[in-house]
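Student: The residues making up each chain are set out below.
2 protein chains.
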Amino acid sequence: MTDFAKTAESIAKQARAASRLMAQCSTAIKSEALNRMAESLADAAESTIQIANSQDVAAAKQAGLSAALIDRLTLTPKRIAEMATGLREVAALPDPAGEIERMWVRPNGMRVGRMRVPLGVIGVIYESRPNVTAEAAALCLKAGNAVILRGGSEAVHSNVAIGRILHDAGQKAGLPEGALTVVDRTERELVAALLKQDRYIDLIIPRGGEGLIRTVMEQSTIPVVKHDKGVCHIYVDQAADQSMAESICLNAKVQRPGTCNAVETLLIHQAVAPTFLPKLIDRLQQAKVEVRGCARTQKLVKGITAATEADWTAEYLDLIVAVKVVDSLDEAVEHIATYGSQHTDAIITRDYQRAMEFLQIVDSSAVMVNASTRLNDGGQFGLGAEIGISTGRLHARGPMGLHDLTTIKHIVLGEGQLRE
Amino acid sequence: MTDFAKTAESIAKQARAASRLMAQCSTAIKSEALNRMAESLADAAESTIQIANSQDVAAAKQAGLSAALIDRLTLTPKRIAEMATGLREVAALPDPAGEIERMWVRPNGMRVGRMRVPLGVIGVIYESRPNVTAEAAALCLKAGNAVILRGGSEAVHSNVAIGRILHDAGQKAGLPEGALTVVDRTERELVAALLKQDRYIDLIIPRGGEGLIRTVMEQSTIPVVKHDKGVCHIYVDQAADQSMAESICLNAKVQRPGTCNAVETLLIHQAVAPTFLPKLIDRLQQAKVEVRGCARTQKLVKGITAATEADWTAEYLDLIVAVKVVDSLDEAVEHIATYGSQHTDAIITRDYQRAMEFLQIVDSSAVMVNASTRLNDGGQFGLGAEIGISTGRLHARGPMGLHDLTTIKHIVLGEGQLRE
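Chains as they are written, first to last, in my numbering: chain F, 232 to 651; chain D, 232 to 651.
No wet-lab data here; the hints were simulated from the structure. There may be inaccurate statements among the hints.
The list cannot tell twin chains apart, which means a pair is met if one copy fits it or any two copies do.
[As the list claims (entries may be wrong)] BS3-like mimics (lysine-lysine), calculated; alpha carbons at most 27 Å apart, straight line:
(1) 530 x 519
(2) 244 x 460
(3) 460 x 427
(4) 460 x 640
(5) 519 x 533
(6) 403 x 244
(7) 427 x 640
(8) 403 x 309
(9) 510 x 533
(10) 510 x 530
(11) 519 x 460
One chain only, chain F, in its complex shape (with noise of 0.2 Å):
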């Protein structure tokens, strides 16, 4: 074994020691751990962790970092307070584990239920932000799992003294060793062999770019939850309210361009494209979207740039949104599974035929009629926290909050039941 595959199975291993203990965890306990985590982040904020985040800032401006990620890097005291306010939110929402779902009597008087446990041991390999440590940390812990960390190495010294406030906070509150590890060393060779350990970790979360994202689904032998980019579309229908849909097109685009659930691609009914169109990209360009358009949209609307193949299943994350006139629902709908990527697409119009074809046809992890695109997530569902928006379709689908950080395991009351 090399030293990379013995420092990940030892890791692997006290991880999975500790989720057995986790699992009789107390709701009480796990809860006031997060609680003191908070404290101690808060407590913190200036001192250790701005400290060690200023090494990592410094290095990535010494190594020439866009202004953009060196942004995601930083952490102001109001971004630390902002991951001590969530750690406290998850620490207040309902405990899933042992939790009984249901609970059927058989012909035989056997009784069967599902009862909701922990998944084990979850890792989380990200890029990045920093505070996504405090986050994904507290909800693993919360759920019962033991959970394993490994940020981008451009982050390191800010994730490990994060870390190790979390695990000193979480000890004090009683939680077991190995609950929560967050990986010091930068090497690709242990992110690789931590994948292989699948006798002892149960769930992979990768959070990142699609070279992340790929390279996991590829070298891991534990199972993956995939956060994928968003390829988000708004097909605006001939019967749409048109105000409606002018408010909800640009909602979608402009109020947080940063994020995978704001859309990318506007689909507009030709029916109305001609009255439709040149006020909504008036409004889009008044708010600095870039507009690029297909031929007809060029046509309705003068100066805007052509839209390529390449538009269309761009995920810009920016204020830059692509306009396409279709001819009919289907088209629409073509479009979406062609280009798309199941994340988030809505359907505005007063038509009730038409938005039930919609939402049966289109397969995406959030289908919507008459809403914005930025709605598909935990907050706004009512689920809580998430841990991100699964784009994958095995086990999570959409926001990805407590609930799918547990699994079931089935309970059978009997009364000497035997197989016939």
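Given chain F's structure and the hints, the job is docking chain D onto it.
Tutor: For chain D alone, coordinates are given in the frame of chain F:
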């Protein structure tokens, strides 16, 4: 791209295209397809199927395969009739696709729901028993998926013959081309290439021995739900009803020893061992069960073979059982956690407190009080037919029926809601 990669991509792409059409197939068409398949299988039993099967059986004999393997491979008229019955039973099950599990209203008036939808494209990789071809096809198609089946090379003639019959019957009922593919090539490289088609295939289900499951898990970039071995335990507590305990231990071992939910290790509390074990072992031996015991068991009953460390992790799938005397519930639970496979474990007791403790602490796909481990089964639990018993923790755990062959999408009914 190699020839294997090209073939794999072409199979997977065609299945992906078919899966979009399958998702829109009505329940009536899907059920009609399964009923027609059942009819065609029965019609072709004595001609096409048995001729193809006799080729496989002859080759297996020439290759010197064991009598047990040849038995599993052989399709008798009775087994073909059972396949047809299985297809009709799945046809009659309720369709999970389209079901809305829950719908709730948010403070802004937006309604959010969870709608069950087909998983998409499912690949099943299996060994030996050609019956699996019909069973797996029925469940995957009924839930609205496209399915790619790749059986063992020793059964290729049987599988291809069954596949052709199912395919043609499905087509006549209106299933799309590509909804059901039985891979007719036996090269391992083609399986390896299929396991990389994560753009087109959503789930891989391996059914077979440990070697097959290991290979699939290591090679697949597609999510895998495994159906692994069952090292199942019964713990007979000091407060057990001894006559109930005797019946359950016997039933769990001998009713069908070759199944994954048959018991493999009996843990007996030391307080009842002196009275209980001699009677139990006598009955087991009368039923031709070979008993391997710990030192304390050997002291209580003369002539018992010593159990070695390997016996505690053994999945015998045969008339053999390991017996261990334990000092406490804690020791039993610890033994199960150390040596078990988290499949099915039961406690026999009249003590409420210890029953609850066992249910809480033991973490297996089914945890039972006073019932035979053989009851961990889709049919027995009332879930309908199953494609296997998942020993993974992600997506499905325990009996995996139609429900687990679907995923969800969130549907949102709005009236112009925006993200504030």
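Student: With reference to the structure, classify each hint as holding or not holding.
Tutor: Quick rundown of the hints versus the structure:
{"no.": "1", "hint": "530 x 519", "result": "within (21 Å within a copy, 85 Å between copies)"}
{"no.": "2", "hint": "244 x 460", "result": "between (32 Å within a copy, 22 Å between copies)"}
{"no.": "3", "hint": "460 x 427", "result": "both (25 Å within a copy, 20 Å between copies)"}
{"no.": "4", "hint": "460 x 640", "result": "between (32 Å within a copy, 17 Å between copies)"}
{"no.": "5", "hint": "519 x 533", "result": "within (17 Å within a copy, 88 Å between copies)"}
{"no.": "6", "hint": "403 x 244", "result": "within (22 Å within a copy, 54 Å between copies)"}
{"no.": "7", "hint": "427 x 640", "result": "within (25 Å within a copy, 31 Å between copies)"}
{"no.": "8", "hint": "403 x 309", "result": "within (26 Å within a copy, 65 Å between copies)"}
{"no.": "9", "hint": "510 x 533", "result": "within (13 Å within a copy, 93 Å between copies)"}
{"no.": "10", "hint": "510 x 530", "result": "within (14 Å within a copy, 91 Å between copies)"}
{"no.": "11", "hint": "519 x 460", "result": "within (23 Å within a copy, 59 Å between copies)"}
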